[in-house]
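A.B. asks: Chains as they are written, first to last, in this note's numbering: chain A, 0 to 531; chain B, -19 to 353; chain C, 142 to 473.
Quick caveat, the hints were computed from the structure, so don't treat them as lab data.
Owing to the predicted nature of the structure, the values given are computational and were not obtained by experimental measurement.
A couple of the hints might just be wrong.
[Unchecked claim] Ranges of calculated distance between the beta carbons of each label pair, as one might list FRET restraints:
(1) B:Trp(-4) with C:Lys394: 44 to 52 Å
(2) A:Glu350 with B:Ile199: 33 to 41 Å
(3) A:Gln74 with B:Ile199: 53 to 61 Å
(4) B:Gly126 with C:Ile295: 26 to 34 Å
[What the hints assert, rightly or not] DSS-like mimics (lysine-lysine), calculated; alpha carbons at most 27 Å apart, straight line:
(5) A:Lys443 with A:Lys270
(6) B:Lys236 with C:Lys463
(7) A:Lys206 with A:Lys509
(8) C:Lys374 with B:Lys316
(9) A:Lys206 with A:Lys443
(10) C:Lys463 with C:Lys374
(11) C:Lys463 with C:Lys392
(12) C:Lys434 with C:Lys392
(13) B:Lys236 with C:Lys374
[What the hints assert, rightly or not] Incomplete in silico selection of chain C near chain A, CB under 8 Å:
(14) His228
(15) Arg318
(16) Arg320
(17) Ala327
(18) Ser331
(19) Ala333
(20) Ala334
(21) Val335
(22) Gly339
Don't be surprised by glycine CBs; every beta carbon is placed ideally from N, CA and C.
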Amino acid sequence: MTHPATVTSTVGASGTMVSGAPPAIELVDINKHFGPVHANRDICMTVEPGSIHGVIGENGAGKSTLMSILYGFYQADSGEIRIGGQPVDIRTPLDAIAAGIGMVHQHFMLVDSFTVLENVMLGAEGGLLIRAGAERAREELRRLEHEYSLQVDPDAIVGELPVGVQQRVEILKALYRGADILILDEPTGVLTPQEADHLFRILAALKGQGKTVILITHKLREIMAITDHVTVMRRGAVVANVRTADTDREQLAELMVGRKVLLRVDKTPAKPGDVLLSVDKLSVVDASRVERVKGVSFAVRAGEIVGIAGVAGNGQPELLQALSGMVAPSGGAVHLLGHTVSRSAPRGPRELRALGLGHVPEDRLREGLIASFPAYESALLGYHDRADCNGVVLMDREAAVDACRRKMEQYDVRPPNPMLGSANFSGGNQQKIVLAREIEQDPKVLLVGQPTRGVDIGAIEFIHRRLVAMRDAGKAILLVSVELDEIMSLSDRILVMFDGHIVGEVEAGKADERLLGLMMAGIDPRGEKQGA
Amino acid sequence: MAGGAAASGMQGAPRWVGTVLLPLVNLLAALIVSGLVILAIGQDPIRAMGILVNGAFGYPEAIGYTLFYTTNFIFTGLAVAVAFHCGLFNIGGEGQATLGGLGVALVMLPLDFLPWWALLPLAILASMAFGAAWAAIPAYLQARRGSHIVITTIMFNFIAATVMVYLLVNVMIAPGQMSPETRRFAPDATLPLLSEVFAWMGVKVPRSPVNLSLVVALIACIGVWVLIWRTRWGYEIRTVGQNQQAAVYAGISPAKNIVLAMLISGALAGMMALNEIMGANERLLLNFSAGYGFVGIAVALMGRNHPAGIILASLLFGALYQGGADLAFEIPAISKEMVIVIQGLVILFAGALEYMFRPHLLALFRRRTAAAG
Amino acid sequence: MEDIRFFILLLDATLRVSVPLILCAMAGVFSERSGIVDISLEGKMLLGAFAAASIAWLTGSVWVGLLAGMGVGMAFSLLHGFACITHNGNQVVSGVAINILATGLTIVLGIAFFREGGRTPSLAADERFRPITLPFADALADVPVLGGIYSELISGHNILVYITFALVGLVWYVVYRTRFGLRLRAVGESPAAVDTAGISVARLRYQALMLNGALCGIAGAYLSTAQSAAFIKDMSAGKGFIALAALIFGKWKPVPAMLACLLFGFLEALAARMQGMLDPSQFAEGLGRELVKALPFFIEALPYILVVLLLAGFVGKAVAPKAIGIPYIKER
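This is chain A alone, in the form it adopts within the complex:
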């Protein structure tokens, strides 16, 4: 099997050792398919014992799938896993735990109503009665806390602890079960900078005690700060295995994002007019009251496309939800076409649509369409009470079906059947239905989220051309996408979002992948403005 191209010196292809100890983990030609999607391709990775090994890549790169295989949630279609030089068969988390692997998930696997002690003991209670095991557990916890400076009160209720401390409980859980290898999946996503630094000190202590740490992240700063080796993944495959000391941020950013053939759309330069949408120190919290958008400000003018780039999960969904009226802001204000939306003066999606806002949502199946409705009914979503498809009591079904058919023809939706269930269209055609619906209402401002996710090439071109046509017709378009080439080819101005902040703004002409990759990972090299 050929190994993927590497940039500088490779460390330890399976078999060649540096120190004489076998690698903590070796992954040899791991493959995993989910239906037609090849999530992991011929993955080869070697993790040295007593090191901190980073795995970096964008969303969809396959990092989480790989780690899930290592932890026994999935089983690889082919390939081998070796722990300490010995091949192992990991079918369930229990096998992984037995092999000395512990995992700290991105979304904590804790019982909020239990104490720390109870959460640590779960699964390793040490006997039928708790009391017997509890004393032993307490002692062991004290020892672990001391050794790795993981101070936690064993009798505290987990749900009441701050997120950083909850994460320490997760680490303790893994160590308590005897983990020698610790996998952390995007651990700093929910931490403050101080908590993140504390975490890194803990990881250094773990390394000092001979534990092996795998750190999955998309943040370059973390990779450069604490890892010894890095594996870069892109689109399911490993593109590099390097020593951190032998590379730098720019190189990693380029590898992460890749030199892709850009789908350039022919467009004339923008002629921006008045500001139609402006955002003023907007803050938004999510359902668990964690702040996801942290005081963001920007403006979008008529006749321009503003693109927001960024790795998924940095506040983009919450931003769109606030701008579209689905969620009220927790701070700051949104000014749309002369009207203000704020926490004290919230406006719902229906009001905003009436003002002239259109919204193509990020997740078309979860928000933009009703899977079980026929296409013509999904094509009404958000506009179902308009006069043009309603009589006094009855909806004018014929008018709705005709309107849908017309849109399907204009947007080349296949098959052009308004009666077909929405779920039965391909991703690209579904997206075209949603787009047609929003565009045909002739909004003045259009919010677009991930417009070409899961969409085939032909439909991508079509959608891109439509968006540019809207721009040329004087509409203000805000485009949010994790696809960097889409942002680069469509936008007139690019903003990069990281950890709920706007890291920086770049003119389309001056943008390249390296710069944007760095910004997406939290670093604006032009002013050395650090993201969180």
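Dock chains B and C against chain A, hints included.
C.D. replies: Leaving out everything else, chains B and C in the frame of chain A:
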């Protein structure tokens, strides 16, 4: 929230497999297990089924009785279905029907000097209003405070029963009577039996309790169909039931629609009282709604929450009730409660074990199309 | 003295009425804390009652009847589990189905086997659980207050009553002091946490349901072989739902749920006594008399009203186990 609304999920197989074949397979499974129970008590299942079918449809009077029970099931089935379309589980049909009966009685008792055709609109409104009112509090609590509607509607069923006993024993009881019932309504004020209606048209049909409320039930079917699939309020209800996130995206208020759907649901259940109180019993009495509310769940499940399916499923259960009564008469060893067993099994297979046969049917059809193609 | 005696008798009745409620509520603790909605406590209790009475009559042994009741309860709990856990079916629908099945099956089988219109044959005294007189109860009966409490209230119940209260303590111990209980509570709050700790979510829930079924069976056996001398159709009469209400009122914890059951049992006993005691005709016509007439009904409806108030958030907060009602599907 309940999860069992529309049919889809049968990718790769034609649509009728999910909407027609699967319910039939579930029904067959229920009947087979019922047959086993009959076998276990030492009787002949085939003979029993034969008597049941004959008892439901075999002679004109039987058909009338079957249709009488069908009327009740149409109302409670529609009630459960409308709530299901909004993703809600209305288990409170019995209580809502009971209160509907109270509404009807409150119209009939003071006004039964009027003829039935003048009273019917008032009775319809009263039964709907009282049924809806009984659903209103659980609806509001679910919408605004997240109180689980299954529990609250069950509690309200019991409260309704207690309220009705109190009223019938102490307040509305016919003077000088022992049993907790109101007095009989004037004969001209009650709904004419269908046998009477046919007699006006010169057709002789044997007498049975089925009455004009069957027509009201069928009109209600049409009304529900129009509302759910042809109006914007129905569109909103269905959207909230299918995908609350998308509803919020569209600016549709989940809370408002939860309350609306439950009010309509309660109103439909309340209308069951037209059949029982204004039609058959001609007075308000206890327990007239017993069992119909729960079986309404089975009717809605089998009928796929669509009025056409509900009519068929109601016919099925009406036939079971009537046939079961005849069966108990012919074979005393099989009591009429056998029908309740069959009902329970239908709910089990069509509801709880709904997914059990699905993969096998899908596989069957995929193999067929693969072989053919 | 008359009042004290009345009160003692009232409490005595309370205990007897509360037993099936407490047993079903404990059953509910296991299933609902594991994340499975269980509205079929009523049905399982009814089936257990039928099984216990029938087998007790057939074998002549009330203890074998008790085992039969427990077995039948467990069988139907397994059915519930099969639908909800293995096939991810709708838990409420499954509960409704079991309740309806119970109503039908008990009568059909009863008429088919015993031909007595739905009831089982009366059990002889030695085929039932009989009252047990605790030591010295007769001797102490005349001691003021305490003697009455001991001889009437505490002594003189059948063994299932004493077992029930002991069971509450046992259930508490299992839920809060054993490994199984820790995992049970965890799986109802966060099945994912249990899964990643290497424990089978399905197996844990099935185990909880088995305990649930056994307890419902004991409740049923109490009804037909201790409280009464036969199975009578529909003898559970909504007690399973009151037990569910008490469980919610007790916030899914064993001891508060038991207290709620005692409260509801007390209300039921009080309402029954009131019917006999208060004579409406002694009150003047008008509002007073109407209120007196309405009072027993109000007290009868009170448990249900209290639960609704609780769920509405007016009597404190009722927070169900977080993962309840959601089938656990390992999706990544």
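A.B. asks: When the hints from earlier in the document are held up against this structure, which numbers fail?
C.D. replies: 4, 7, 9, 10, 12, 13 and 14
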